[in-house]
Amino acid sequence: MSQIIIATLVAAVVVGLVGIILGFFLGISGEKFKVEVDEREEAITGVLPGNNCGGCGYAGCSGLAAAIVKGEAPVNGCPVGGAPVAAKVGEIMGVAAEEGVRKVAFVKCAGTCDKAKNDYVYSGTRNCATMMFVPNGGPKSCNYGCLGYGTCVAACPFDAIHIEDGVAVVDRDQCKACGKCVAACPKKLIELIPYDVKHVVRCSSGDKGKDVMSACAAGCIGCKLCEKNCPSDAIHVNGNIAYIDQEKCTGCGICAEKCPKHIIL
Amino acid sequence: MGETLGSLVTIAITYAIVNNVVLSQFLGICPFLGVSKKTETAAGMGGAVIFVITIASFVTGVIYKFVLANEYLMNLGIDLTYLKTIVFILVIAALVQFVEMFLKKVMPPLYQSLGVFLPLITTNCAVLGVALNAITFEYNLLETVVYGLATAVGFFIAIVLMAGLREKIEYNDIPKPFQGTAIVLITAALMSIAFMGFSGMKI
Numbered sequence: 001m002s003q004i005i006i007a008t009l010v011a012a013v014v015v016g017l018v019g020i021i022l023g024f025f026l027g028i029s030g031e032k033f034k035v036e037v038d039e040r041e042e043a044i045t046g047v048l049p050g051n052n053c054g055g056c057g058y059a060g061c062s063g064l065a066a067a068i069v070k071g072e073a074p075v076n077g078c079p080v081g082g083a084p085v086a087a088k089v090g091e092i093m094g095v096a097a098e099e100g101v102r103k104v105a106f107v108k109c110a111g112t113c114d115k116a117k118n119d120y121v122y123s124g125t126r127n128c129a130t131m132m133f134v135p136n137g138g139p140k141s142c143n144y145g146c147l148g149y150g151t152c153v154a155a156c157p158f159d160a161i162h163i164e165d166g167v168a169v170v171d172r173d174q175c176k177a178c179g180k181c182v183a184a185c186p187k188k189l190i191e192l193i194p195y196d197v198k199h200v201v202r203c204s205s206g207d208k209g210k211d212v213m214s215a216c217a218a219g220c221i222g223c224k225l226c227e228k229n230c231p232s233d234a235i236h237v238n239g240n241i242a243y244i245d246q247e248k249c250t251g252c253g254i255c256a257e258k259c260p261k262h263i264i265l
Numbered sequence: 001m002g003e004t005l006g007s008l009v010t011i012a013i014t015y016a017i018v019n020n021v022v023l024s025q026f027l028g029i030c031p032f033l034g035v036s037k038k039t040e041t042a043a044g045m046g047g048a049v050i051f052v053i054t055i056a057s058f059v060t061g062v063i064y065k066f067v068l069a070n071e072y073l074m075n076l077g078i079d080l081t082y083l084k085t086i087v088f089i090l091v092i093a094a095l096v097q098f099v100e101m102f103l104k105k106v107m108p109p110l111y112q113s114l115g116v117f118l119p120l121i122t123t124n125c126a127v128l129g130v131a132l133n134a135i136t137f138e139y140n141l142l143e144t145v146v147y148g149l150a151t152a153v154g155f156f157i158a159i160v161l162m163a164g165l166r167e168k169i170e171y172n173d174i175p176k177p178f179q180g181t182a183i184v185l186i187t188a189a190l191m192s193i194a195f196m197g198f199s200g201m202k203i
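Sequence lines, in order, name chains A and B. Numbering of the first sequence is given in the numbering used here, commencing with residue 1 and proceeding in unit increments. Numbering of the second sequence is given in the numbering used here, commencing with residue 1 and proceeding in unit increments.
Fair warning: there could be bad hints in the mix.
Claimed, not checked - Partial pick of chain B residues on the chain A-facing surface, computed with a CB cut under 8 Å:
#, residue
1, 67
2, 97
3, 104
Claimed, not checked - Capping the alpha-carbon separation at 16 Å, the derived lysine to aspartate or glutamate pairs in EDC-like fashion look like this:
#, chain 1, residue 1, chain 2, residue 2
4, A, 115, A, 72
5, B, 104, A, 233
6, A, 34, B, 79
7, A, 34, A, 72
8, A, 248, A, 227
9, A, 32, B, 79
10, A, 228, A, 245
11, B, 105, A, 31
12, B, 104, A, 91
13, A, 70, A, 39
14, B, 105, A, 36
15, B, 65, B, 79
16, A, 117, A, 211
Read the hints as simulated data drawn from the structure, not as lab findings. All C-beta atoms in this analysis are idealised placements derived from N, C-alpha and C, irrespective of residue type, glycine included.
Next comes chain A alone, as it looks inside the complex:
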């Protein structure tokens, strides 16, 4: 009987001792291997949105926080949080936040199902990247346009881009300009533009006018009507595609009126 009691006690003591020793060991090594973290770094990490989207170009929010503390990144380095977050980070860093321009993603294609022609019927994997291996880079006649298979939709961490009628459309209010879709689009169709721009060209076809006409009813044919009519020299046709210089654009809207294809919005 006493043998059993002793054995049980010894077992309890051994497990208890192992636990206590390990506890002390961890406690001591925790002190010994303490890594000095700048207090501001943790504070900034707390203020940042915490999506870890990587839109700032650093490995997650803590990466940006470290960079801000080191002075490598500006206090308004977070494109997602925008001005409110920049103000809070600026408070922590003791720097006044510069006003960052809010940007949104924009898909330079208006070739919806009824406007863009298809060369053939495609029923394979629905993934933009695999279209590189499909004849003519996908079923659409236009080789520049949105494929509409939603690689950008899958890349968006904020549910701000959707395929509507065969073309990706950005939800301007949801978009945080993290740039994930810009990187994901194999056709390089998506661009970050300032939120308050007046007019944008919704096409990116570099083909000649005749070819564009035969492929899509909503394509830039490079007619230069917009360029000729622009009073502030802000729009130019370069490589068969009109491009608006947003710094010069006054938002008069003449180009949108004159465009025969109605692709300037």
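Assemble the complex: chain A is given as a structure, and chain B must be docked to it using the hints.
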């Protein structure tokens, strides 16, 4: 010496390939399925597992030999070896914590690249499996460490192969009922069958 070396090599090859920890012993399936979506992260997890299992097998080996199965207590008629599971879990959990602290201080780049996988290893049953099996097989300390290292290398091989396959699976047109975990489990089963091909090997 030659004989010992030979037996060590046998242990190494047996547990890295023939009796692969994941594909023929079915240990550590959780991280095998959980973090095998990308080859890079899979390699990170594999690296962390190699690191922890090797150290854990040594430490648990020492604790078993000198604490739980020490001769003094044995002579008194007190056998503590039945405590091995609970003590090993304690030791492994503490060890993972310690390794995390140590790496954070001494090797920040390695710590960063292992990232979240380090604490995840606490729940990897392969670590406990190695510690307990080494006792069942009555290995000495050196053999235990080699056994641990080989098992972890086997895990690394399996998870990296799996990640490579899964990256390709992404682009396939999989019928709806098989999408997600289902096709991964089927793939794992096929890999397991492939690894059975090694079981006839005599070393």
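Violating hint indices (sorted, rising): 4, 5, 6, 7, 9 and 12
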